[in-house]
Every structure is written in structure tokens, then in C-alpha cells.
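Chains A and B are the protein sequences, given in the same order. For the working numbering, add 397 to where a residue sits in the first sequence, where the first one is 1. For the working numbering, add 40 to where a residue sits in the second sequence, where the first one is 1.
One should not assume that every hint holds.
Distance windows between CB atoms, simulated [said to hold, decoys possible]:
1) B/ALA57 <-> A/SER479: 41 to 47 Å
2) A/SER479 <-> B/SER80: 22 to 28 Å
3) B/ALA57 <-> A/PRO436: 25 to 31 Å
4) B/SER113 <-> A/ASN425: 32 to 38 Å
5) A/LYS462 <-> B/ARG100: 40 to 46 Å
6) B/SER122 <-> A/ARG406: 39 to 45 Å
7) B/GLY49 <-> A/LEU492: 28 to 34 Å
DSS-like mimics (lysine-lysine), calculated; alpha carbons at most 25 Å apart, straight line [as the list claims (entries may be wrong)]:
8) A/LYS415 <-> A/LYS462
9) A/LYS468 <-> B/LYS42
10) A/LYS454 <-> B/LYS42
11) A/LYS466 <-> B/LYS137
12) A/LYS454 <-> B/LYS137
13) A/LYS462 <-> B/LYS137
Everything labelled a hint here was simulated from the structure, so no lab data went into it. The C-beta atom is built at its ideal place from N, Cα and C for all residues, glycine as well.
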Amino acid sequence: EAQVTQNPRYLITVTGKKLTVTCSQNMNHEYMSWYRQDPGLGLRQIYYSMNVEVTDKGDVPEGYKVSRKEKRNFPLILESPSPNQTSLYFCASSLAFGQPQHFGDGTRLSIL
Amino acid sequence: QKEVEQDPGPLSVPEGAIVSLNCTYSNSAFQYFMWYRQYSRKGPELLMYTYSSGNKEDGRFTAQVDKSSKYISLFIRDSQPSDSATYLCATLSNDYKLSFGAGTTVTVRA
């Protein structure tokens, strides 16, 4: 089954403790992206990747890192999480930029 | 000002009614337009995708784009309780700018 898989689905952690949210897709998609979703603000893009080893900042990249060493994986790294990063995070992928994106089921992060 | 404005609702309609959802956008460079549906605790899923002005129909769903007014709409005919979800509009420009509306929560009452 074609899918985008995120882990973990839920995480409660404390300020400053490094964490990684993994994202994997099995559709051989070139383009991958991370979003955060907050009430009243909708989906905002954090980082995106046009292809392996090519990443770029979205609208809200501060406090986040990403890497794209393999086509299928696009982890999101929070080196020193802070409470304002408490949010619902989505990973998405598409065949290429501009093509419809497939989303994962989300990761709800709570940072205390 | 956000680049894509969408009324968050909530919108509540009886089963069988027509649901009308709207977004406005400010950037003339936006060339592609999408509607996503998001159920609770799930990721958004693509409903409609279009790049031109006019109407696009898919079953009970019609997407309408008016580039001169920078206005996009989604109509759901014969609405069902299973249509209860949050609907997100999205726009994409040729220079890789992707923007989402805040989403409208719709409840279809049986």
C-alpha cells in the first residue's frame, strides 16, 4: 500500500531534549516536505526537499533541521525543542514539486 | 496578511444540502489550486487539483477557480455525514511557493 509513515504518532517531552521525527515513503517520490499545523494558522511549511541531498527552508524553519540522505526518508530534527514547537506535524511527499502531495497521519508533539 | 484566506467556520448543514466553501488569495503568481479533506486524527487527502480558471467536477465535488477575482470555491452536492471533515484550500506558484488556507470545519447532520 502506498503510504507516508511518520513515527512517533504522539510524543510528550521536555524543553531542550533533542528529538527526531521520522518520515518514510514507499512511492519513490522525489519531493518531500514537513509542515506544522496550528489552530487558526493552517498548515505551514517548515522544510522541503526536491530530491536526495537537496533541502530548502519553508516558511517557518527556525528551530528545525532536516536531512535527505535517501530518497525514501526525510527526518525532522528538533535539536533543542521549546514549548512554542508544540504542534501537530505532517510529512508529505509527491512525485515531483507541483504534483499532489500525499500526507502522513501526523505526529502530535507536546513540549513541556 | 495571509496569502490565502479561508473562513474557518464551523459550518453545519443538514444531510443532502449543498456545502459551499471559499478561499481568496493575494498572489497573482499562484497557478495551481487544490482542495484537501482532513478527517480528525488523519492527514489531509487530496480532493481536487486544478490549474485553470473555470469549473472542475468529480462526482459530488465541484472546484471553481476565478483567477481574475483571486477566488476559489468548492461545492459538495448531496452532502453526507461522511463529508464531515475539515477542508483546506491550497495554492501553488511557479516559483515553488505553496500556501494553505486555515481550513473550514464542516459538519453534515444526519
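These are the hints, each one checked on the structure:
no., hint, verdict
1, B/ALA57 <-> A/SER479: 41 to 47 Å, "holds (44 Å)"
2, A/SER479 <-> B/SER80: 22 to 28 Å, "holds (27 Å)"
3, B/ALA57 <-> A/PRO436: 25 to 31 Å, "holds (26 Å)"
4, B/SER113 <-> A/ASN425: 32 to 38 Å, "holds (34 Å)"
5, A/LYS462 <-> B/ARG100: 40 to 46 Å, "holds (43 Å)"
6, B/SER122 <-> A/ARG406: 39 to 45 Å, "violated (23 Å)"
7, B/GLY49 <-> A/LEU492: 28 to 34 Å, "holds (32 Å)"
8, A/LYS415 <-> A/LYS462, "holds (11 Å)"
9, A/LYS468 <-> B/LYS42, "violated (32 Å)"
10, A/LYS454 <-> B/LYS42, "holds (18 Å)"
11, A/LYS466 <-> B/LYS137, "holds (24 Å)"
12, A/LYS454 <-> B/LYS137, "holds (11 Å)"
13, A/LYS462 <-> B/LYS137, "holds (20 Å)"
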